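For the sequence shown, this note's numbering gives the first residue as 21, with consecutive numbering after it.
Just so you know, the hints here were simulated from the structure itself, not pulled from any lab data.
The model shown is predicted, which means the values in this text are computed figures rather than measured ones.
Be aware that one or more of the hints could be misleading.
[Unchecked claim] Simulated DEER-style distance windows between Cβ atoms:
| hint | residue 1 | residue 2 | range |
| --- | --- | --- | --- |
| 1 | Q69 | E44 | 16 to 24 Å |
| 2 | V189 | A126 | 37 to 45 Å |
| 3 | Y81 | I109 | 18 to 26 Å |
| 4 | Q111 | R24 | 34 to 42 Å |
| 5 | R105 | Y137 | 37 to 45 Å |
| 6 | R127 | P150 | 20 to 28 Å |
| 7 | H190 | L104 | 15 to 23 Å |
Ideal Cβ placement from N, Cα and C applies to all residues, glycine included.
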Amino acid sequence: MKTRRYITQGEWNTLMRAIPDTEESVRDRCILIMMYIHGLRVSELANIQLSSISLESDEIYIRRIKNGFSTTHPIQHEEKALLLRWLEIRQEKLGDKTSPWLFISARRQRISRQQVYTLVREYGEMAGLPVRLHPHVLRHSCGYALANQGLDTRLIQDYLGHRNIRHTVHYTASNCKRFSRVWAQENNVFL
């Protein structure tokens, strides 16, 4: 049997509840929610700069890697609240130092890919998830969540920055809910 490559909405909620309330956890919650909501690869997350975010217009510019389509996404309400809290803590940590990077480490440098892998894995273990959590699982979870909302495959392709739709169709192919309107009451030819 093939190992599942995503977490469900219920598992996402369990993950977020498992994170303890500390200053570090504000950053970490922000990291997790942004990876999940925007389908970010770990390098895309680590490379987000403050200049990529507009809290006035609630937008974030996503620079995709792997020759993907870069685009602007809306910032969601819960995400914005976490971002604002993190930006306050970040400023306190930096003091008079400056940094272009949104996510910084305890050493006040850009967070590393390895740090992100470690924190994602550790929070997944704390939550007791049935799936071994790593950053790319959150990207897949985004794709499956969008498909479960009934979004068009082309829209999901653009949202995740895929150049080739073949990389997108596996999110929708396994979603039986996409067929739910096929024999909807108003289309029922049997009556």
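*Hints not upheld, ascending by number*: 5, 6, 7
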